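A.B. asks: Sequence:
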Amino acid sequence: MASATSFYDFEPLDKKGQPYPLSTLKNKVVLIVNTASKCGFTPQFEGLETLYKKIKEKYPDDFIILGFPCNQFMNQDPGDNDTIQSFCQLNYGVTFPVLSKLDVNGPTASPLFEYLKAAAPGLLGLKRVKWNFEKFLVGRDGEVKVRWASTTKPESLEGRILEELSKGVSEKKKIVDDDKVERALKIYGWYDEKEKTNREPHGTIQAVVYKLFATEFTSWEMFATTRYDDSIRKPKGAEFLSLEYIHNNVHSWAGGEWMQYEDEAGEGAGHMSDVDVSAFDPIFYLHHCNIDRLLAIWQILHPDLWFNQPQEDEPKSSDELWPFHINKKGDYWTSDACRDVTKLHYSYADLKKPGEGFKEGEEVDFLDGLRRSINKQYGSMRRRVLGDESGIAGLNRDYIVNVVYDPFAYDGAPCTIYFFLGNPEEEGATCIGSVYNFR
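The sequence shown: position 429 = 429 (the UniProt record's numbering), numbered continuously.
Please keep in mind that the hints were generated in silico from the structure rather than gathered at the bench. One thing to keep in mind: the hints can contain errors.
Claimed, not checked - Below are the BS3-like pairs computed for lysine-lysine, each with C-alpha atoms no more than 25 Å apart in a straight line:
1) K16 to K38
2) K53 to K211
3) K316 to K329
4) K211 to K376
5) K167 to K130
6) K130 to K145
Source: prediction; values computed, not measured.
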């Protein structure tokens with residue numbers, strides 16, 4: 001390995017004697033420790049493991065500790081690789097990689113440690129490793145940043161490691177900014193996050209999904225779509241809520257359409273809030289799988305509701321769904337044909353498996369269990385009436401804003417309609433909700 005010019009050129013041996021290319025650790029922060037199992041510093045294994053798990057919780061893919069057993073200091077690690085592995089796991093529950101035993105000093109010293117010592121000399125410029133459990137920190141760029149003595153306790157390293165982990169993150173954020181994605185999904189704009197202190201969290205996604213299941217819809221269309229037509233029948237208050245309404249708002253929140261940042265110009269819009277490119281975001285598929293799941297659950301609870309008699313220009317349940325073929329003859333799927341998702345040979349955890357039917361009397365118990373599951377997963381954070389555990393519990397003081405709008409206004413451009421109590425200029429305190437048209 002004399003030709004090695006960077007940290008990533010080295011390939012030490014793993015616990016089984018196979019090459020462990022350090023090139024696989026590019027853009028990670030690496031802590032390298034020469035270890036021993038019969039040393040006064042051996043209890044540092046416990047501190048290293050604690051440090052490893054703690055930092056991995058925040059940076060699961062960006063940090064690693066590599067242990068290198070060494071027997072050069074008073075023969076304090078005499079065992080073979082298997083013995084050392086067992087010792088580390090049984091006594092300290094070590095989960096970070098402990099590689100093959102090697103030498104760190106002298107003519108037989110590992111080329112990796114020769115490189116580390118040259119990059120970070122010790123006191124007075126001495127390169128020699130003085131004892132077990134010396135520590136070398138390598139940054140995201142592959143450069144050795146700091147060297148710690150054996151006496152430095154693992155818990156004291158956390159701050160310096162986190163500092164190094166924070167470097168280079170800006171480059172990653174050019175591709176995806178995980179912090180802002182998390183923020184967009186957590187603080188969606190139904191109410192101002194600053195006003196949430198000491199308040200019940202009204203208006204959560206969980207509560208709205210629960211309300212969707214709790215509402216007694218009188219038609220399939222009222223449940224499935226945001227389409228509104230009062231020429232036939234004026235909907236009840238809660239029937240203005242629909243699966244499509246939830247679907248549209250999640251597109252807006254996940255895409256960050258409504259978010260603005262004080263430190264940046266413009267909005268934080270991503271793919272999901274733009275119809276033309278939303279399918280390029282991987283969360284698009286997860287989102288629609290969940291919408292399909294909610295639809296399947298609702299259909300089980302309301303087996304008698306399906307397409308009403310449509311007007312002449314409206315879609316019918318028997319319309320062919322191009323370009324999806326149902327057989328090799330060239331026939332197409334229709335809404336009628338796939339009304340039961342199990343016909344497509346899949347199902348969901350709360351529902352029956354494909355081909356699984358009900359025995360006598362079993363259907364009632366199944367539906368009761370499904371309702372209990374809905375209560376458990378989505379039951380409102382507000383006070384609920386839980387008299388009958390098998391029913392979907394009612395809501396207390398549930399206020400609804402019904403909205404009728406032209407989805408093709410502004411030439412069909414996506415837009416959000418916000419609702420305020422009082423003066424809109426006091427948005428932080430008075431914004432109570434929004435509707436996103438997603439067209």
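A.B. asks: Are K53 and K211 close enough, with their CA atoms no more than 25 Å apart?
C.D. replies: With a Cα-Cα distance of about 39 Å, the restraint between K53 and K211 is violated, given a limit of 25 Å.
A.B. asks: Would you check the hint for K167 and K130, treating anything up to 25 Å between C-alpha atoms as holding?
C.D. replies: violated (30 Å)
A.B. asks: Does K329 lie within 25 Å of K316 when you go C-alpha to C-alpha?
C.D. replies: holds (22 Å)
A.B. asks: Does K145 sit within 25 Å of K130, going by the straight-line distance between their CA atoms?
C.D. replies: holds (19 Å)
A.B. asks: For the pair supplied as a hint, K211 and K376, is the alpha-carbon distance within the 25 Å limit?
C.D. replies: Distance ~13 Å between K211 and K376 Cα, so the pair holds.
A.B. asks: Verify the proposed pairing of K16 with K38, using a straight-line Cα cut of 25 Å.
C.D. replies: holds (22 Å)
Figure legend: structure checked against the earlier numbered hints; hints not met, in rising order: 2, 5.
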